[in-house]
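Enquirer: Heads up: the protein sequence lines correspond to chains A and B, in order. Take 9 as the starting number for the first sequence in this note's numbering and just add one per residue. Take 548 as the starting number for the second sequence in this note's numbering and just add one per residue.
Treat the hints as calculated values from the structure; they're not laboratory data. Just so you know, even glycine gets a beta-carbon here, dropped at the ideal spot from N, CA and C. Just so you know, not all the hints are guaranteed correct.
[Said to hold, decoys possible] Covered, in the sense of this in silico footprint (three residues per stretch, anywhere, with C-beta under 8 Å from a C-beta of chain A), are these stretches of chain B:
1) 613-624
2) 703-716
3) 752-760
4) 831-842
5) 862-870
6) 896-902
[As the list claims (entries may be wrong)] Now the in silico label distances, taken between C-beta atoms and shown as ranges:
7) D743/B <-> H184/A: 25 to 35 Å
8) T986/B <-> E48/A: 22 to 32 Å
9) L846/B <-> K58/A: 10 to 20 Å
10) W611/B <-> E48/A: 13 to 23 Å
11) K14/A <-> L746/B: 38 to 48 Å
12) K58/A <-> K978/B: 20 to 30 Å
13) H109/A <-> R768/B: 36 to 46 Å
14) W611/B <-> H109/A: 14 to 24 Å
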Amino acid sequence: MAPEKKKLRVATASLAGCFGCHMSLLDLDERILELLKHIEFDRSPITDIKTCGPCDLGILEGGVCNAENVHVLREFRKQCKTLVAMGACAVNGGLPAQRNHLDVRDCLQDVYLVGVGVSRGFIPNDPELPLPLDRVHPLHDVVKIDYFLPGCPPSADAIWQFLTDLLAGRTPHLGHGLIHYD
Amino acid sequence: MTFVLEKAAAPAGLRRIVIDPVSRVEGHGKVTILLDADNRVHQVRLHIVEFRGFERFIQGRPYWEVPVMVQRLCGICPVSHHLAASKALDLVVGAKKLTRTAEKCRRLMHYGQILQSHALHFYHLASPDLLFGFDAPVAKRNVVGVIAEHPELATQGVLLRKFGQEVIRITAGKRVHGTGAIPGGVNKSVTHAERDELLPQMPQILAWARGAVRIAVDLHRAHQEEYDGFGYVRSNLLSLVGKNGDLDLYDGTLRARDADGGILFDGVDSQNYRAHLKEDVRSWSYMKFPFIGSLGADLGWYKVGPLARIQNCDRIPTPLAEEARQEFLARSPGKLVHAPLAYHTARMIELLHAAEVIDGLLRDDDLHGDDLVAKGPRQIQGVGIIEAPRGTLIHHYEVDSQDLVTMCNLIVSTTHNNQAMNEAIREVARKYLDGKEPTEGLLNHVEVAIRAFDPCLSCATHALGKMPLVVELRSADGALVEEIVRE
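Could you put the whole structure together from the sequences, leaning on the hints where they help?
Expert: Below is the structure:
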């Protein structure tokens, strides 16, 4: 990559994900140092910027499981010229979507409500707690997504290929070995 | 019971300050603070805002899927969930004792996980606060700033983490969400060629790990008084302890100490965890509040993780880390260290220990054996406890005769620290925020206290246990009217 004059501004966040995709991003290892010559971070778990400003690229990990996720997803769509769904959860809901065949109220009751012989268990409920959605959704159920990067997680090599293609102005193309749906 | 600053007496009209999301931690959390017109602090809470319910949807799955499913709880410590589940399911398949090869391959994987996670937390997430100051400009206060100003230190962090990730890749197939462990053992051992990829790197890794302890100690000493008092929170301690009181992060029995170091319980078999630990619920967080049952919710809460572990054990069984531990203890003779910021030094001592353990294992020919799986009479349940990077991690499963999971209970490391983290940020709010106009820099002080615990809020949001639940009914003057326990 030839150094660019203006750095690409990139925001990242994890919605209903496990941070494994962000770990894969850090698995670029020394290549992170190279990448930082070409990009700068806006809102991201590794910075203390709390809201997403205008960005060239947004990368989201995780699906959408509650009202807060919807809010952050819309914020990213509004602020980012290009928005990427990174990893299995963002692409199709992933493992958390296993709860989709269950009633969310039953799940909550199972965990917090007490069984036989106890009268005062309760489900946490507070204005500070975003309401869970009845189902876990992939990102493209809510907003338009420009690129999908599959894998659980996508490998560091896949992320590298994707980002270097974008930085060079090419349409990202993941060849054999980089596309996987584990 | 309500803790001081947990609940404002009259919340109406108070100004709400929110830190959302808490950043440079793993997972989703936020802090709310209620202030009056004079900026006096009335309420401080760390909220865990997501509910996912892994335990619920794991019910009905075949047990052999579980070690691979549950690691999706957390991308930073997937190996911990993978191994805790495997340990629980070892018992289900009747493998009371693993083959030497299986146990050593798993230990190698686990200490690789400890090394990479501790490096990630210290260098990538926490070091900007310690190097630049808690109220340094936002634009600089991150790992990119560290790379710019301390490139050598940042590079060491990146490469230490890389080495830990490579240990995981070799033992588990890939760096994040691999396989490796299966109920009763492992699915592959380590080849000589794989060992030869790692072993030549050990002298450099050990040197950097020793340097990491020095960096953490020096940063603490440079601000000794402030760091010792910052978010200070006395509490009990809990961790696994290995044979002869050794620090052992893969296996052992439960030990708890009181805040002065007195033993509360010791030698507790992991299968009996429920007899000692109970949990409270608060309306304002999806994360529960565990406590030692015999002490009750008011007094029974505790800290887990590196700071608890290196003070709960009697010694670290590797020489360099034990030497560092002795130096650490010598700085407050006869007194337990409860300062949250001391977690950083404790974490780096464990990182050094992990490097030493990996070095030893890589020289052990048992890693290359081909006796991989043990079996025995099938059991209906099992509990697996492991010391994950952030603390004690408990997985408990029941499996029916059709091999389907009928019950799953997870108590993740970060949940144990829930009360301690809340108390730490209340202490910070009292000392730094009370009566002042809250600035971004001041609010970062709150996050600095949370970060010290290295919380894994992602784990915590997935995992909501079914511990014995205790509900206390108290009269207006605080007297206990009734206590109900659901086992």
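Enquirer: For each hint, tell me whether it holds in the structure or not.
Expert: Going through the hints against the structure:
1. Counting residues of the segment 613-624 of chain B whose C-beta lies closer than 8 Å to any C-beta of chain A gives 6; at least three are required, and the coverage claim holds.
2. Beta-carbon proximity to chain A at under 8 Å applies to 5 residues in the segment 703-716 of chain B; the threshold of 3 is reached and the given coverage holds.
3. Counting residues of the segment 752-760 of chain B whose C-beta sits closer than 8 Å to any C-beta of chain A gives 0, which falls short of three, so the coverage hint is violated.
4. Remark: the segment 831-842 of chain B is confirmed as covered by chain A, as 3 of its residues place a Cβ nearer than 8 Å to a Cβ of that chain, reaching the required three.
5. Counting residues of the segment 862-870 of chain B whose CB lies closer than 8 Å to any CB of chain A gives 0, which falls below the minimum of 3, so the coverage claim is violated.
6. Coverage of a stretch by a chain is defined here by at least three residues with a beta carbon nearer than 8 Å to that chain's beta carbons; for the segment 896-902 of chain B and chain A the count is 0, and the condition is violated.
7. Hint check: D743/B to H184/A, Cβ distance near 28 Å, so the stated range 25 to 35 Å holds.
8. Judged by the Cβ atoms, the range 22 to 32 Å given for T986/B and E48/A holds: they are separated by roughly 24 Å.
9. Here the CB-CB span from L846/B to K58/A is close to 36 Å, at odds with the stated 10 to 20 Å.
10. As the Cβ distance of W611/B to E48/A is approximately 45 Å, the hint placing it in 13 to 23 Å is violated.
11. Look at K14/A against L746/B: about 44 Å separates their beta carbons, and that is inside 38 to 48 Å.
12. With their beta carbons about 23 Å apart, K58/A and K978/B fall inside the hinted range of 20 to 30 Å.
13. Between H109/A and R768/B, the C-beta spacing of about 55 Å breaks the proposed range 36 to 46 Å.
14. In this structure the hint that W611/B and H109/A lie 14 to 24 Å apart at CB holds, the actual value being about 21 Å.
The structure shown violates the earlier hints numbered 3, 5, 6, 9, 10, 13.
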